[in-house]
Amino acid sequence: MLCSDVPDIPDVVVAALRSAGCVFAEDEARLIVSTARTPAELTAMVDRRAAGLPLEHVLGWAEFCGLRIAVEPGVFVPRRRTEFLVQQAVALAREAPLVVDLCCGSGAVGAALAASLPGAELHAADIDPAAVRCARRNVGEAHVYEGDLFAPLPSALRGRVDVLAANVPYVPTEEVGLLPPEARDHEPLGALDGGGDGLDILRRVTAEAARWLTPGGVLLVETSERQAPAARQAFADGGLVPRLAVSEELYSTVVIGTKPWSQNEAQNEAENKAQNEALVTSPPPSLCN
1 MLCSDVPDIP DVVVAALRSA GCVFAEDEAR LIVSTARTPA ELTAMVDRRA AGLPLEHVLG
61 WAEFCGLRIA VEPGVFVPRR RTEFLVQQAV ALAREAPLVV DLCCGSGAVG AALAASLPGA
121 ELHAADIDPA AVRCARRNVG EAHVYEGDLF APLPSALRGR VDVLAANVPY VPTEEVGLLP
181 PEARDHEPLG ALDGGGDGLD ILRRVTAEAA RWLTPGGVLL VETSERQAPA ARQAFADGGL
241 VPRLAVSEEL YSTVVIGTKP WSQNEAQNEA ENKAQNEALV TSPPPSLCN
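In our numbering, the protein residues as written are 1 to 289.
What the hints contain is simulated information worked out from the structure, not anything from laboratory work.
In this text the structure is predicted, and so the values were computed from the model without any measurement.
Any given hint might turn out to be false.
Computed Cβ-Cβ distance ranges for the label pairs, DEER-style [unchecked claim]:
(1) Arg18 with Gly195: 36 to 46 Å
(2) Gly52 with Asp197: 22 to 32 Å
(3) Arg37 with Arg158: 26 to 36 Å
(4) Pro39 with Glu72: 35 to 45 Å
Beta carbons are placed, not taken as given, at the ideal position from N, Cα and C, and that holds for glycine.
Based on the sequences and whatever the hints tell you, model everything.
Structure, rendered in structure tokens:
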């Protein structure tokens, strides 16, 4: 907390942030003041924010799904709209699922899923070394790998993944320059640029996802409303059954693809489910003769 011998810090901070063009100067001032440990640190934080560094990089953390996620400069800042992807994944997950957070960035999605799914086994991967270091701070005991998409994942995970969350970049290359300066100047280009139509990385993920998913497992990818039809087609081309989930409140569009069961797998699953239900509903044996 701030030292008490520095007078009128909130007013000074608000004025500095407002003059730098921060729309929510009062809210940002409150967060910066509560995070700074010394007057010198406060001054440095205000200066960095006024220079255009994203607030989350200034603070060293971002709030995501009720968690405080460590975020270092140069690492993609988790967006609130991506909380909708987490909500969808939690609703679809099996008990104690095997979860993979691909293109994990700070590990925010994986951390939120692990916190919401008791017994989950979490694996995460990203190609950016800075993101991997940050993710390892946020996901605790989970396995975090450095490499391109599926390449660094253990081969033992093939065919076993219940939930595959991939927050891939999806901004078309020619539109990256239209992003706010906070994003285009301070976040890694690889976390933003999705290629010509924004779907290059998504197509690479969907082309391989079915090999990693268990039957009935799901792939979830955030995209834009405009890109959704082409994204759905990429899911279908990859052998997944696609559908859309949309949150108007969070301005979020998520494509969900389910790996279909084969006829034998579906029959075995139905038999196992029936057996489990019979065990639950059958009365216990009587101890009396």
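Hint by hint, work out which the structure violates, then give me just those numbers in ascending order. 3, 4
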